[in-house]
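Produce the complete structure using the sequences and hints provided.
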Amino acid sequence: MVSGLFTPATGRITVDGAPVTGINPRIGYMFARDALLPWRTTLANVAFGLELQQQPLDRREARARDLLRVTGLGGFEGSYPSQLSQGMRQRVSLARTLATNPDVLLMDEPFGALDAQTKLVLEDEFLRIWERDRKTVIFVTHDLFEAIAMADRVAVFSARPGRIKSLVAIDLPRPRSVTGGRFGPHFQELYDRLWDDLRYEVVAAGSPPS
Amino acid sequence: MSAIPRDAAAVEAGARDRRRRARRQEQLWTNGWRLVVLVLIAGTWEGATGSGLVNPFWVSSPSLIVVDLWKQFSLGAVYLHIGVTLYEAFLGFVTGAVAGILGGFALARWDRLARIFDPYVTALNSLPRVALAPLFILWFGIGLTSKVVLAFSLVVFILLVNTHAGARNVDQDLVIIARLLGATRRQLTLKVILPSSIPWIFAGLRLGLAYALIGAVVGEVIVAQAGLGFLIAHYAGVFNTTGVFSALIILMVIAMLLNELMKAAEKKLLRWRPQIPGL
Chain A
2 MVSGLFTPAT
12 GRITVDGAPV
22 TGINPRIGYM
32 FARDALLPWR
42 TTLANVAFGL
52 ELQQQPLDRR
62 EARARDLLRV
72 TGLGGFEGSY
82 PSQLSQGMRQ
92 RVSLARTLAT
102 NPDVLLMDEP
112 FGALDAQTKL
122 VLEDEFLRIW
132 ERDRKTVIFV
142 THDLFEAIAM
152 ADRVAVFSAR
162 PGRIKSLVAI
172 DLPRPRSVTG
182 GRFGPHFQEL
192 YDRLWDDLRY
202 EVVAAGSPPS
Chain B
211 MSAIPRDAAA
221 VEAGARDRRR
231 RARRQEQLWT
241 NGWRLVVLVL
251 IAGTWEGATG
261 SGLVNPFWVS
271 SPSLIVVDLW
281 KQFSLGAVYL
291 HIGVTLYEAF
301 LGFVTGAVAG
311 ILGGFALARW
321 DRLARIFDPY
331 VTALNSLPRV
341 ALAPLFILWF
351 GIGLTSKVVL
361 AFSLVVFILL
371 VNTHAGARNV
381 DQDLVIIARL
391 LGATRRQLTL
401 KVILPSSIPW
411 IFAGLRLGLA
421 YALIGAVVGE
431 VIVAQAGLGF
441 LIAHYAGVFN
451 TTGVFSALII
461 LMVIAMLLNE
471 LMKAAEKKLL
481 RWRPQIPGL
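Sequence lines, in order, name chains A and B. Under our numbering, the first residue of the first sequence carries the number 2, and numbering increases by one thereafter. Under our numbering, the first residue of the second sequence carries the number 211, and numbering increases by one thereafter.
The hints are simulated quantities; they were obtained by calculation from the structure and are not laboratory data. One should not assume that every hint holds.
Which residues of chain A face chain B? A partial, calculated answer using Cβ under 10 Å [unchecked claim]:
| id | residue |
| --- | --- |
| 1 | Val21 |
| 2 | Ile24 |
| 3 | Tyr30 |
| 4 | Phe32 |
| 5 | Leu37 |
| 6 | Leu51 |
| 7 | Gln54 |
| 8 | Pro57 |
| 9 | Arg60 |
| 10 | Ala100 |
Partial selection, computed: residues in chain B whose CB lies under 10 Å from chain A [as the list claims (entries may be wrong)]:
| id | residue |
| --- | --- |
| 11 | Arg389 |
| 12 | Trp482 |
| 13 | Arg483 |
Non-contacting residues of chain B with respect to chain A, defined by C-beta distances greater than 12 Å in every case (computed) [said to hold, decoys possible]:
| id | residue |
| --- | --- |
| 14 | Gln237 |
| 15 | Trp239 |
| 16 | Asn265 |
| 17 | Tyr297 |
| 18 | Ala309 |
| 19 | Gly313 |
| 20 | Phe315 |
| 21 | Ala324 |
| 22 | Phe327 |
| 23 | Thr355 |
| 24 | Ser363 |
| 25 | Asp383 |
| 26 | Ile386 |
| 27 | Pro405 |
| 28 | Ile459 |
Since the structure is predicted, the reported quantities are computational estimates derived from the model, not experimental observations. For each residue, glycine too, the CB sits at the ideal point set by N, CA and C.
In structure tokens:
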């Protein structure tokens, strides 16, 4: 709804004070599935958004190369998605999302389909890239650890109907790293508190709607 | 430390080499057996006719066919017939493919159109088009046009149905991501739907090529003044079975060559598809 793909049944959505009326190119989107165009090379996939904006070829290629370097994929410009691992594809997907330089990033379980190790590495990389310009990110995840480690605020959604149940500010210091040593006791406190909220909803989601 | 990756690379290269050698050996083995099958068939055929078991007047024989092919190609008239058939098939194929692909995209683009035309497409597609040949000959004469129209009528539906299916089977996630990145309707068609339909279109083109040849030849068999189908009908009419078999073998070789050509083009266009090892 924030992206303009769906319109809300009631209420209204504003981004930076302006109501959302259609698809907003100022918003970047990333799925759990990489959704890369399989017939395009890595480079052409990252440049796709700029190509749709009809930017000149040299500019979009330079930008795509730059982002591939940032996401740790330098040297894979000419590879096709089928030749890359799932983690690498998700990096390409991230680079594509960043390429159009959106103001807001909507990330729907972006690392949800990755194995545990790759996920940690990509979370760290994302934090590192994010630190460069600290854009607004709306990040959907089922992973509580991920949520606390990355977010400034965590919103817990209730199971059917999905409403925001609680909103918890995460006051852990930045820059953070998910791999560089565990977080302190405060992390555990936040974790326990959110898990209490979440546990009830997980049980509710598993039972038939009343 | 640095010795490990170099060793690993050497091991990998060795394994790759072994795989390649095994593949080549497998290919050689397959080709060998193919030859055995050919020799077996030709040998049985030759033996049956040579020993008087079967009258070569009805079934000809491999040696007679080879001699006849040699004669035909050295005399040269057969080139004209090959050319005529190829030309008819080519025209029917190209016009049918273009019309079918454009139509398929139109049906995918305008869903309402697809719903309206669906029963008509199905009806015309289920009709054996070859049965239309006499009509086409009445309408378009005994020359080139009727054969082209027949080939067209066969090709166009194959491409229409395949392109439509391909365009509708595009991964919805790709459509969504393109729209979120700001793609216009036109960009969506050209940059997402068209490329993702290419494998489907190619499957249609390969089938269509074979059908274009069928259309041309069937048209010629019914009535014509030139072409391989004309040759077959003519030779059959004068009980020259050897001539019929020669023309059939020429047709077979042409169809196989065209198919290989198409495969090569497909491989080039679809190099992004995952390569399955061993294929």
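Structure-based check of all given hints:
1. Val21: Violated, because the Cβ-Cβ distance from Val21/A to chain B comes to roughly 13 Å (cut-off 10 Å).
2. Ile24: Holds. Min distance 6 Å.
3. Tyr30: holds (5 Å)
4. Phe32: Result: holds, 6 Å to nearest chain B Cβ.
5. Leu37: Check passed: Cβ of Leu37/A comes within 8 Å of chain B, closer than 10 Å.
6. Leu51: holds (9 Å)
7. Gln54: holds (6 Å)
8. Pro57: violated (16 Å)
9. Arg60: Because about 16 Å separates Arg60/A from the closest Cβ in chain B, which is outside the 10 Å limit, the hint is violated.
10. Ala100: holds (9 Å)
11. Arg389: holds (6 Å)
12. Trp482: With a closest approach of 4 Å, the Trp482/B hint holds.
13. Arg483: It holds, given that the least Cβ distance between Arg483/B and chain A is near 7 Å, below 10 Å.
14. Gln237: Non-interface label on Gln237/B holds, nearest chain A Cβ at 25 Å vs cutoff 12 Å.
15. Trp239: holds (30 Å)
16. Asn265: holds (57 Å)
17. Tyr297: holds (33 Å)
18. Ala309: Given that every Cβ of chain A is farther than 12 Å from that of Ala309/B, nearest at about 25 Å, it holds.
19. Gly313: holds (23 Å)
20. Phe315: holds (17 Å)
21. Ala324: With a cut-off of 12 Å, Ala324/B remains clear of chain A, as the shortest Cβ separation is near 24 Å.
22. Phe327: Fine: 29 Å to the nearest Cβ keeps Phe327/B off the interface.
23. Thr355: holds (38 Å)
24. Ser363: holds (32 Å)
25. Asp383: Incorrect as stated: the minimum Cβ-Cβ distance to chain A is 4 Å, not above 12 Å.
26. Ile386: violated (7 Å)
27. Pro405: Violated: least Cβ distance 5 Å, not greater than 12 Å.
28. Ile459: holds (39 Å)
When held up to the earlier numbered hints, the structure conflicts with 1, 8, 9, 25, 26 and 27 and fits the remainder.
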